[in-house]
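*Asks:* Single-letter residue listing:
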Amino acid sequence: MSDAPILHFEKLTKRFPGVLALDGVTFSIQKGEVHALVGENGAGKSTLIKIVTGVYQKTAGEIFFEGKPVNFSSPHEALKNGIAAIYQEFNLIPALTVAENIFMGHHFVTRRFFVDWNRMRKEAQELMRFLDVDIDVDQKVRDLGVAKKQVVEIAKALSHRARVLIMDEPTATLAQKEIERLFRIIKVLKSEGVTIVYISHRLEEIYEICDRVTVLRDGRHIATRDVRDVTMEDLIRMMVGREVVERFPRVSHTAGEEVLRVEGLTRRGVLENISFSLRKGEILGIAGMVGSGRTELLRAIYGVDPIDEGKIYIRGKEARIRSPLDAINHGIALLPEERKVHGLVLLLSVLDNLGLPILPLVSVRGFIQDGRLKAIAQDMVQHMNIKTPSLFQRVMYLSGGNQQKVVLGKWFARNCDIYLFDEPTRGIDVGAKVEIYHLMNRLLERGASIVMVSSELPEVLAMSDRILVMREGRVVGELSREEATKEAILRLALGRREEYASVG
Amino acid sequence: LGKDLTIGLSFPSLSFAWFAFLEQAVKDKAAQLGGIEVISLEAENNVSKQISIIEDMIIKGVDGVLLVPIEVEAVIPAIEALNKANIPVVTVDRRIKEGAPVQILCHVGADNVEGGRKAARFIVEKLTEKYGEPKGVVIELTGTPGAGPAIDRSAGFNEIMKQYPNIVVKSQTANFRREDGMKVMEDFIMSTPQIDAVFGANDEMILGAIQALDASGKFDVKEVITVGFDALPEALKLIEEGVLDATIEQFPGKQAATAFEILVKYLREGVTPEKPLVYIEPKVITKDNLNEAEKSF
Amino acid sequence: MPVLVEEKSTQVFQKFFVFWDRVGILLAFLVVFVMFGALTPVFFHPLNILNVIRQVSIIGVIAVGMTFVILLGGIDLSVGSIVAFTGIIAAGFQVKWGGSLFLSIVVPLLIGGGIGFLNGFISTKGKLHPFIVTLGMMSIFRGATLLVAQGKPISGMSPAFRFIGAGMVGPIPFPVILFLGCVIIAGIVLKRTVFGRYIYAIGGNEEAALLSGIMVERYKISAFTLLGFLSGLSGLILTSRLNSGELVAGQGYELDVIASVVIGGTSLMGGEGGVYGTLIGALLIGVVSNGLNLLGVQPYWQMIVKGVIVIFAVLLDRLKRRFRTA
Amino acid sequence: MPVLVEEKSTQVFQKFFVFWDRVGILLAFLVVFVMFGALTPVFFHPLNILNVIRQVSIIGVIAVGMTFVILLGGIDLSVGSIVAFTGIIAAGFQVKWGGSLFLSIVVPLLIGGGIGFLNGFISTKGKLHPFIVTLGMMSIFRGATLLVAQGKPISGMSPAFRFIGAGMVGPIPFPVILFLGCVIIAGIVLKRTVFGRYIYAIGGNEEAALLSGIMVERYKISAFTLLGFLSGLSGLILTSRLNSGELVAGQGYELDVIASVVIGGTSLMGGEGGVYGTLIGALLIGVVSNGLNLLGVQPYWQMIVKGVIVIFAVLLDRLKRRFRTA
Ligand SMILES: Nc1ncnc2c1ncn2[C@@H]1O[C@H](COP(=O)(O)OP(=O)(O)OP(=O)(O)O)[C@@H](O)[C@H]1O
Ligand SMILES: Nc1ncnc2c1ncn2[C@@H]1O[C@H](COP(=O)(O)OP(=O)(O)OP(=O)(O)O)[C@@H](O)[C@H]1O
Ligand SMILES: [Mg+2]
Ligand SMILES: [Mg+2]
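Protein sequence lines, in the order shown, are assigned to chains G, U, F and R. The first sequence begins at 1 in our numbering and counts up by one. The second sequence begins at 505 in our numbering and counts up by one. The third sequence begins at 802 in our numbering and counts up by one. The fourth sequence begins at 1128 in our numbering and counts up by one.
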């Protein structure tokens, strides 16, 4: 590691209408290091990197790249100068193939304008091998699950062979195995002299791979330290500005009667004969590897995707759920996995998004009672600590984590009996996570039950009463709170112990 | 079943009632002559569609074609094709360009330029009656910009009007549509304090303009000299009521029937018409000669 | 509690942007308005103003319905044909089929709504883009109009029927009242009712709306039905105003109507916009046409100037985006 | 390692859907084609087939360009006016301004491209929806056409010029060669070149394309320019075929052109579709019209039947979605 800063920020400031996203930030990133960028949701991390890559233009201050002041006007320019980024949100073209997506922006060219498909595919396959994943590069991105999409994003960033690689929450959508793989790759890149800027809310990861860490809060620079020199408690305190005592505040309840039973649910090619039950007041965790069908299971129960076989019982009675509205009428709520695609209406305000599922409840003869709606929404914003200039801010202008909170808040506002959570704390900061866990506890107290799909094993382990493990569209095991360990889950999820196979 | 002749009829558009009369006249004549199948196709006022239609008729193998060209020039390639296929063609109403290197059995039509002139002369006459000399403000509502009849009628109209320096002509297009005639007239009513006469290049436009004048409260429709074109039944009715002063009759029924007869005679008996051009003189229809109108009721 | 930087100035900013969002096209409109007024004084005459609004009301009533459909991310090309068909039906009931005022008003409105329903039903259930469905319907009902009328306009309405398009309430033409009434009601519906908010949600993100428990298809069909109904109303106004059921009625309306909505700031992608913008958009088109006529500009130049003004007006409006993202 | 369930059968499925995706509208087309052939035998005659393709080529050439623009998520309403304007310019060079064959071909093409460039430039730089920009341009260039021609058509082309629209190469009409040539080249460009792939990328997700380092604006402008150029080519073909520069040429083309593209399966949302579909879409429209003419169906009924066939054809095509999501 050399000492010359490859990137230096001097009093960098960014103002959006109504928001000061970055407020005179000054720090440097050394050449060849893995530099972590941490901070609460809305601290300004994504904004910072988007200014570096030319997506946004800075309001004031300077950026020095390799000692020279730069001001990229587009990502195109940044890429040409050797700075590549994986952004927080997917930037893939659903209708194009994996290979094309990877080489988007620098197609391999043979004779002048023509695409060299063979070379492109070969190089894509090589990248896949390097990443140690099994993705058909000719597949359309549309047909990939979230985790695979993230892998494609990583491959895409790697394909530029950039000198600076910025990763904005690359692991938020990955499961354990892929994360380990990513870390191996980061280490390889580092040994090749690539500088990496790494943003994550999973603080353990910082300790695993990063050399130094910079903390932002409310758009201001708080500190830049060697990772060795700070404890996680210190880090959290710097981020949040206060002490966080307990990271997984699970209060145990005695589970009540059965509220949901799924029997032999099958969706050809995706889900195979799945049975389980959920009792009042419990959290049922669902773990599994990428593409194991967890998302599909929740969607099938919620009536989004049609099922081929199987029955769903709610409080003992068979329920015919054909649409999300049917599900909602049965007291079921789904928190979808891809917030921008399934969870939010980006053009609409925080108020409108929070109000979406509850409009009929706060209206009289079709007319919305504005006061009631606003009161409920204001309450949510406060409870969930959603950082927004006002209730009327469009959701598209919120930071990723705050958007996720709006998705959650939408359903907390409506009393449901059964909550299906798909990666509920994706991209949410440490402090806010605790808030969400508290809220989940409160839901349980209220008599609701939760099915929680999560790729974050510590979360699943700490919060679940029971854990189902899925693999290849089947349930391959059920672990009680006592049996559940990281190793046990991984063993089932990876399929090394066939005797656990298929319950039900 | 016993039809020995198939005749194609191609005309611009059925959305204008004038062509509906023309089509009806052809069909009546066909029924009267017997044994003839008429394939009538409208071209949505689109030149290339009309050419396609004629090409399709050739392929279908019609015996003869009765054609109302949308444009004087653009339809010539299609007539070339008809010639090549040895299918006789009679043009009705609008003539193709003079001197075009194509064979036309006969043209039966009225002269739109002459119609325009007649309308102008009528207005001049009325203005002279009113003021003792030809002067005043005349509104001209022209047809769809660029369309053949619009060009011709306006050309004839202005040719005469130019001879009278004391007559001010204000022109604006109303696209041959009643709605636009009304709208444009409403705007003229706002901008023009004095309006002595209005000429609509078809009856639809003048009918719209009359609605506007009537509703304005500023002009008395019966006072303003109004002249239309086409002699639609509605216009004739207004003439009878004394609201509309005149309309130009081009005798679509007579044109169509004559043309059709010539074509059938040629096909059945091999008789070529004596005159290659049959002009049916356009006529100014007023309250005095209402019974001369074709569609009198 | 999230502490915001510069809470105060923020709100001022917000307010300004919300204001500009609303007035953007209004400003452009005022520029055009004043310009014409300066060039030809009679333009400002109250009678002329009412004249313009009356002229605009026929397109405007449809544009109100189109706002709903475009907010949903849809489009409807059949509106002009619906105008013609319902107009002919109304004229038919007035003149040929017994002359009942009631039937000649109610039947066309129902038919308009019915055609709209079909548009919505076929495009949602068949998962076809409404562009193509309504293009087909446009052709079908243009043909049906000619068929019903047998190629001839139908004229001669009763005085009661003529009130719809030509009547006055005090100094105000009745169509103006109908039009502005539609705008106000639609404004309230979009802003205050569940139906309205759902329209925005569906237009913004159909999937998210579906997962939030909104019956997306039902609302889509409703919006198309509403548009069909309002097109029928426009057909009544036009027929009554012209005192005749016209065959070419409504031809080309679809472009004017969509232009009104889009100039008014509603996004063709759906999810953004509103009916007050549409009002301004429709007025802008009407005012330009009226102003150019008053000035006596030649038809050829009218077309050119109209095109230029439309582009410049929206450019002026969209300047706000500059400010916003800068 | 994540292993997909039933990898094999999945791929077979995939392949089938890709196939159906491609042939969907082809199937609908064949159904219509065979139906007409059965009703009127002359329909199948080679001369008639060539006749239809020639008729279609004027719209078809534009539709090829429109495919690029719609793939980008754009739209262009000005194509018909470009046809008229370039046609008049060509006729002007042929008849009035010296009669140079070279100028009367090259200048209109350049002007077409130039108008297209303007469309693209104003809509991308001004961040305006191309719908409204091209609507304005449609009006501007219709007016400009009338102005240049002083309201009268210009006729009398040289035989060499007439070859473009009326010439034959062996038994094949020259416009057919031009049209099919455009389709093939466009097909290759879209499939094999960087330009083509970027068109899909931008249409699929503009922001992602931008963040991936694609110069989005440049490609958008290029696509509009290409469309303008091809509209100019269409204007040449039409003027040559009619032997006259017509003022009302190209009126209403925009709807036929867009319909061809959409019927051919290209999504109005952008990112999906292709030019072979457009070929089928344009042929379908041409065949329906030709077939109905050959059958001698009455005008009123033609409109109705056309509308019904278009809707049913796309419904038949879209059945595949049923299969896919089932
Ligand atoms: N385009 C925009 N317009 C207006 N405000 C914006 C915009 N983008 C971001 N912001 C605001 O800027 C602040 C910083 O956002 P940023 O996305 O950088 O946060 P972050 O640190 O990445 O948070 P997270 O961990 O949730 O991703 C937030 O308050 C956000 O609402
Ligand atoms: N629209 C789709 N079309 C075809 N295959 C799909 C589609 N969506 C998902 N799949 C496939 O179905 C399988 C299950 O995906 P799903 O997203 O449910 O997995 P998961 O367990 O939730 O994993 P993760 O969300 O972590 O990716 C995956 O192999 C995925 O590629
Ligand atoms: Mg972020
Ligand atoms: Mg998932």
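Any given hint could be a false lead.
[Stated by the list, open to error] Selected chain F positions facing chain U (in silico; Cβ < 7 Å):
1) Q856
2) T925
3) A967
4) L1043
5) E1073
[What the hints assert, rightly or not] In silico lysine-lysine, DSBU-like type, Cα no more than 35 Å apart, as pairs:
6) U:K564 to R:K1254
7) G:K374 to G:K340
8) G:K317 to F:K953
9) U:K726 to F:K926
10) F:K953 to U:K531
11) F:K926 to G:K140
12) R:K1252 to U:K630
[As the list claims (entries may be wrong)] Derived list of chain U stretches under chain R, where covered just means 3 residues or more per stretch with a C-beta under 8 Å from a C-beta of chain R:
13) 532-545
14) 745-752
15) 776-784
Source of the hints: derived by calculation from the structure; they are not laboratory data. No residue lacks a Cβ here, since even glycine has one placed at the ideal position from N, Cα and C.
*Asks:* Please go over all the hints and tell whether each is borne out by the structure.
*Replies:* Right, here's what the structure says about each hint:
1. With a least beta-carbon distance of about 5 Å to chain U, the hint placing Q856 (chain F) at the interface is held under the 7 Å criterion.
2. The criterion of a C-beta within 7 Å of any C-beta in chain U is not met by T925 (chain F), whose closest approach is roughly 30 Å, and the hint is violated.
3. Interface restraint check for A967 (chain F): the shortest CB-CB distance to chain U comes to about 6 Å, inside 7 Å, so the restraint holds.
4. Using the Cβ-Cβ criterion of 7 Å, the hint placing L1043 (chain F) at the interface with chain U is satisfied: the shortest such distance is roughly 5 Å.
5. Taking 7 Å as the C-beta cut-off, the interface hint given for E1073 (chain F) is violated, the closest approach to chain U being about 32 Å.
6. In summary, the hint linking K564 (chain U) to K1254 (chain R) is not supported, as the alpha carbons are separated by about 51 Å, beyond the 35 Å threshold.
7. The hinted pair formed by K374 (chain G) and K340 (chain G) meets the criterion: a straight-line CA distance of about 23 Å does not exceed 35 Å.
8. Only pairs whose Cα atoms come within 35 Å are accepted, and K317 (chain G) paired with K953 (chain F) is rejected, the gap being roughly 64 Å.
9. Among the hinted pairs, K726 (chain U) with K926 (chain F) is inconsistent with the structure: their alpha-carbon atoms are about 56 Å apart, more than 35 Å.
10. Between K953 (chain F) and K531 (chain U), the direct Cα distance comes to roughly 16 Å. Compliance with the 35 Å bound is thereby established for this hinted pair.
11. Taking the CA atoms of K926 (chain F) and K140 (chain G), the gap is near 26 Å; set against the 35 Å cutoff, the hint holds.
12. Simply put, K1252 (chain R) and K630 (chain U) have alpha-carbon atoms about 58 Å apart, too far for the 35 Å limit, and the pair is violated.
13. Look at the segment 532-545 of chain U against chain R: 4 of its residues bring a Cβ nearer than 8 Å to a Cβ of that chain, three or more, so the hint holds.
14. Counting residues of the segment 745-752 of chain U whose C-beta lies closer than 8 Å to any C-beta of chain R gives 0; at least three are required, and the coverage claim is violated.
15. Chain R is given as covering the segment 776-784 of chain U, and this is violated because 0 residues of the stretch bring a CB closer than 8 Å to a CB of that chain, at least three being needed.
Of the hints listed earlier, those the structure fails to meet are numbers 2, 5, 6, 8, 9, 12, 14 and 15, in rising order.
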